[in-house]
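Protein chains: 2
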Amino acid sequence: MIDVAIIKQRLFRLRELMEHQGLDALIVNRGDEHLSEYLPPFKERLAFISGFTGSAGTVVILRNHDLSELGKKQLVIEKEDHLVTVKNSAAIFVDGRYTLQARNQVGADLFDVFQYNKVSLQEWIQTVLDEGVVGIDPKCISYHSFSKLKTDLQNLNISLVNTANNLIDELWTDKGNEEIASVEIFEDKYNGCPSLEKRRQIAKILREKQIDATLISKSESVNWLLNVRGRDIPNLPVVNSFLVLYSSEQVEWYIDPRKVPNSLLSSLQHHIGKIDYYSEDKLAELPRRLGKQGSVLYVDPATTNAWFIKLLEENNVQLVFGDDLCDMPKACKNPIEIAGMKKCHIRDAVAMCRFLAWLDHLTEPLFSQDKHADLDAKHLPALEFIRTHNEATLSEQLLKFRSEQEGFIEPSFDTISALGPNASIIHYNHVNLGNPRPLGLDGMYLVDSGGQYYDGTTDITRTIMVGPNVNNEMKERFTLVLKGVIAMHRIRFPKNTYGVMLDVLARAPLWQVGLNYEHGTGHGVGHCLNVHEGPQAISQRGGQVPLVEGMVTSIEPGYYKDNEYGIRLENLTVIEQARNQNSGANMCAFVPITFVPFDTRLIKKELLTENEKNWLNEYHFKVRELVKEHLSDFEISWLLRATSAI
Amino acid sequence: MIDVAIIKQRLFRLRELMEHQGLDALIVNRGDEHLSEYLPPFKERLAFISGFTGSAGTVVILRNHDLSELGKKQLVIEKEDHLVTVKNSAAIFVDGRYTLQARNQVGADLFDVFQYNKVSLQEWIQTVLDEGVVGIDPKCISYHSFSKLKTDLQNLNISLVNTANNLIDELWTDKGNEEIASVEIFEDKYNGCPSLEKRRQIAKILREKQIDATLISKSESVNWLLNVRGRDIPNLPVVNSFLVLYSSEQVEWYIDPRKVPNSLLSSLQHHIGKIDYYSEDKLAELPRRLGKQGSVLYVDPATTNAWFIKLLEENNVQLVFGDDLCDMPKACKNPIEIAGMKKCHIRDAVAMCRFLAWLDHLTEPLFSQDKHADLDAKHLPALEFIRTHNEATLSEQLLKFRSEQEGFIEPSFDTISALGPNASIIHYNHVNLGNPRPLGLDGMYLVDSGGQYYDGTTDITRTIMVGPNVNNEMKERFTLVLKGVIAMHRIRFPKNTYGVMLDVLARAPLWQVGLNYEHGTGHGVGHCLNVHEGPQAISQRGGQVPLVEGMVTSIEPGYYKDNEYGIRLENLTVIEQARNQNSGANMCAFVPITFVPFDTRLIKKELLTENEKNWLNEYHFKVRELVKEHLSDFEISWLLRATSAI
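Chains as they are written, first to last, in my numbering: chain E, 34 to 679; chain F, 34 to 679.
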């Protein structure tokens with residue numbers, strides 16, 4: 034965690050730079066020029082200036098660090114039924130997952146912290162400024178967001194201007210040397226479709242739309258399209274770069290030349306065919322060339338930065354806006370990708386089962402004592418040993434088991450290893466939120482983790498009983514969450530159903546008793562790519578995209594009781610034609626590819642219907658079948674217990 | 034049904050007019066200048082020119098009635114997996130509800146008939162015309178649809194132009210005298226909120242948005258806002274007119290002066306306060322006045338016709354587009370409106386129960402014979418009597434029972450009275466589709482009907498056993514549809530949930546066995562207004578509006594087996610805070626206001642869960658409680674049987 038005093042110094046120097054550029058305020062987004070969810074460490078500018086390390090957030094900093102100098106009587110935001118006071122000369126806006134983490138990480142005397150859909154950046158700015166100039170680095174915001182923000186601020190008599198450079202980079206002079214990793218060829222046995230064929234299909238769409246070329250800014254799309262990977266970013270095995278695909282199928286790849294050493298060129302050409310390589314900094318010259326040629330360019334305004342699209346507009350390039358053309362073909366996995374996803378999920382399940390067997394064995398002494406009695410002398414040494422384990426060591430142990438699996442590259446995101454009340458923080462991170470909590474105090478443990486493998490990407494959450502302090506309410510709500518999981522696995526739905534329509538099935542058991550969870554039910558998952566991949570989603574606001582066969586989607590309902598406990602259960606599934614013989618030919622289903630037991634000790638059986646119990650028992654039977662042969666005798670005896678029919 | 038020869042003549046004369054105006058084609062929408070779903074008879078232009086009498090559809094007519102003269106080799110529309118041949122020099126585009134009716138009503142040698150989302154008007158025009166001029170009456174299409182159509186046609190090198198007059202009206206010279214009905218005051222005991230108060234609330238929104246005025250084109254909105262009603266349209270008790278509400282709360286009402294006789298003026302003023310009356314034809318002068326004043330006008334481009342918005346644009350009136358500001362307050366019924374809805378639904382239930390008791394008594398002889406034996410002599414006279422009854426006489430009998438109820442004005446839509454295979458036509462109408470089918474042949478009867486009452490509007494569908502020819506499959510599917518109804522009644526959901534999210538609950542039981550229905554699950558219902566009212570909906574594509582307390586919504590899943598049978602079960606419900614003691618404070622529920630038995634003879638009990646059976650038994654108990662006291666002894670004994678617990 035970055036010391037508040039250091040952040041204070043940085044803010045002081047930043048305000049000098051803002052003064053110099055005549056800015057009344059500066060907005061800092063988390064994105065880099067690729068607008069990725071995951072960033073290289075040297076682009077973590079939001080963390081540098083605020084201390085907040087979450088994966089999404091926006092900071093606004095006033096030049097005037099002293100609010101009283103604004104000459105305003107009252108710094109209060111009026112909401113429908115309450116008032117919000119502005120307390121600091123900077124504010125951070127995050128989503129509901131991150132409010133606690135942000136409060137914990139940023140200095141309370143430096144930043145106001147808001148959930149962006151409760152108090153917006155616009156409302157905050159409107160309260161502190163009557164007019165003025167707000168700066169932003171247009172490379173770090175999508176054209177789409179930039180345009181909306183500009184209009185919103187204009188309505189408040191505030192102009193949004195581009196900063197000359199990135200002001201954070203001007204301060205941040207001690208980044209050290211950026212590590213340069215080479216592009217990696219993503220082999221045919223994994224990708225399932227030659228790059229040439231992928232490019233052919235997209236070029237065909239361009240020709241049909243009478244468009245000359247498309248710019249692809251999103252690294253996942255470029256890596257998918259070229260069948261390459263890289264190591265530029267933790268958790269996301271991609272190389273950052275830009276790509277232009279012409280309707281003629283010609284490709285221009287804008288990439289740091291250090292990442293494509295000469296030694297790699299011939300094997301790359303063999304792998305992806307002949308394409309043109311440009312240094313990334315040559316991208317700035319593209320708009321002029323396209324403008325001169327009178328080209329029509331297709332760009333995604335939500336994934337392309339504002340700087341580049343404005344450059345295109347200035348050069349009179351005719352633009353067609355639309356979703357990244359790689360999105361849908363990338364989301365609909367081909368048979369080789371699906372086979373890979375299934376295989377790596379079995380290896381991942383082996384690692385998870387080993388971990389759970391190890392954990393159960395570790396916590397056994399907690400269960401053998403009478404839970405109402407005080408600790409007796411016999412168990413004290415075991416208990417002390419248990420408490421040497423904590424959220425961090427559990428996470429490390431799980432990583433160790435994963436690392437032993439063939440083809441494992443790295444975790445697909447920071448593991449959420451949360452004991453007791455910490456699990457109520459939806460995106461808890463033991464590294465970023467105080468000290469890791471020791472094992473032995475709580476009844477339940479939530480672990481949400483995943484791996485990047487060459488043949489796929491995994492993401493799994495289980496909530497486990499790790500101590501006797503589990504009450505009836507916890508079991509009841511665990512069972513309601515499980516009912517949601519089962520409902521999603523059992524539903525049959527017509528092809529092209531929208532994700533937004535199915536979300537309710539996971540929530541209904543909780544809704545019936547007045548409960549809910551404040552996150553989506555499912556997100557798409559990449560293939561050895563981003564563990565959060567669009568365009569499909571199963572959620573209340575997103576999910577306006579049809580679900581089709583081959584999409585890999587998480588199913589992860591939960592329940593969170595603030596400061597007490599949290600429950601989440603997550604499987605990945607692939608959408609397949611439904612095999613159930615009762616089903617008509619056009620029905621689809623979420624077929625699980627995650628095969629790890631749900632903790633039956635937390636189930637209140639009387640809340641499950643016969644159909645639900647049957648589903649669970651069949652699922653557990655399949656877990657046993659798939660995982661057993663890879664386990665030790667000790668682990669097998671755990672597995673047999675964990676998967677026995679209820 | 035209009036004779037095809039007459040339509041042929043009309044088309045011939047229309048083509049002469051088109052020739053005269055230099056049009057290559059003419060588009061005729063069903064709407065009038067208010068774009069209503071329901072029309073006065075003398076505005077049924079689509080029916081006049083095509084013979085099609087459904088409530089939604091568009092016709093396009095080529096000037097050239099001989100396709101071979103178009104000089105095209107092939108008149109074929111290429112679809113993904115098949116070809117569609119253009120056969121006629123005119124086409125009609127309807128939604129899935131109306132394809133059968135359209136095929137039945139329009140001459141097969143005059144019109145191609147298409148479901149608009151399978152073959153679009155644009156595709157058809159593109160196939161027959163390489164370029165050209167297509168005319169439309171801009172008063173009969175919304176600005177929204179007009180703009181989209183114009184762009185679509187422009188991309189096909191076709192210009193969409195306004196016809197000088199409505200060409201159909203030029204042909205249609207024998208309309209006879211339009212009946213002029215006076216405005217009716219909609220009394221305070223029914224409306225629950227004074228017009229002044231409604232206007233105050235909307236004027237407040239205008240002031241907050243810094244808008245000077247709003248034009249309201251939708252008759253339902255004008256009638257709701259002024260607390261008036263009228264008899265301009267069958268099934269929809271409104272007076273057609275336009276209204277402008279200023280942010281100062283001043284009102285200009287553009288209405289045919291014959292509908293506001295002098296004798297009414299003082300009581301009107303007493304009822305709605307002082308407003309300015311203008312003759313409807315003065316509306317054309319409004320844009321110039323607003324333009325001169327530099328006014329900002331709020332209009333709904335989806336409910337305001339293209340002619341008027343273009344006039345506003347020509348006069349440089351600054352326009353703000355958005356949904357009709359009456360939509361949400363009209364949809365969220367006030368306590369008096371809800372009380373009225375509940376009361377008229379009990380009277381409506383009495384009429385329905387009388388009808389069902391009468392019908393069951395009528396069909397008794399069909400059940401008393403052995404269903405496998407041939408008709409025996411004893412039953413023949415009874416059977417012959419039964420067959421004198423048909424879809425038309427049943428519908429008339431039901432209307433008779435409704436008419437006896439206090440406050441009944443008229444049916445809220447054309448009754449769907451469908452026996453056997455006719456029920457598989459979702460919007461079947463025995464008047465428009467051949468001869469009414471006689472009772473006695475089929476096992477099931479579907480009746481979808483409703484009434485306009487001064488205190489509310491009803492809409493109910495029941496599917497009834499009317500003969501022994503009901504097989505296992507029918508019962509199974511009836512039960513699946515009923516499960517969907519029960520799921521919607523049992524769900525608890527947070528306030529502001531979107532309708533699109535809940536739709537699946539009604540479909541899931543059918544989806545599980547590969548079945549579905551091709552219509553929405555629920556629509557809003559007006560209060561002594563349109564039986565189909567927005568903005569809320571429970572459906573797969575619509576329903577992007579949050580559900581809030583006070584909204585009245587239908588729940589009407591179904592199942593339709595082409596040419597065999599159809600099942601639909603429909604209750605109206607009001608969204609209320611959930612009373613269930615398990616529910617948290619913020620949960621809502623669909624609370625039924627329709628209280629008529631579901632036919633338990635068609636239920637396969639083993640497909641219902643205990644919870645579902647309990648819900649049904651409790652519902653039937655409530656039906657008995659509410660309806661019993663209004664029935665005769667004979668009807669009561671029917672009710673006791675129909676509502677006995679399963």
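Check the hints yourself; a few may be wrong.
It does not matter which identical chain is used: a pair holds within one copy or between any two.
List time: in silico DSS-like cross-link candidates among lysine-lysine, alpha-carbon distance up to 30 Å [what the hints assert, rightly or not]:
1) 151 / 242
2) 105 / 242
3) 151 / 528
4) 242 / 433
5) 120 / 41
6) 646 / 237
7) 594 / 292
8) 112 / 375
9) 41 / 433
10) 528 / 594
11) 242 / 112
12) 325 / 237
13) 508 / 646
14) 242 / 181
15) 112 / 528
16) 508 / 528
17) 242 / 208
18) 181 / 343
19) 508 / 112
20) 112 / 237
21) 508 / 307
22) 638 / 594
It is worth saying that the hints were derived from the structure and are not from the lab.
ask   = Which of the listed hints are not met by the structure?
value = 4, 6, 7, 8, 9, 17, 19 and 21
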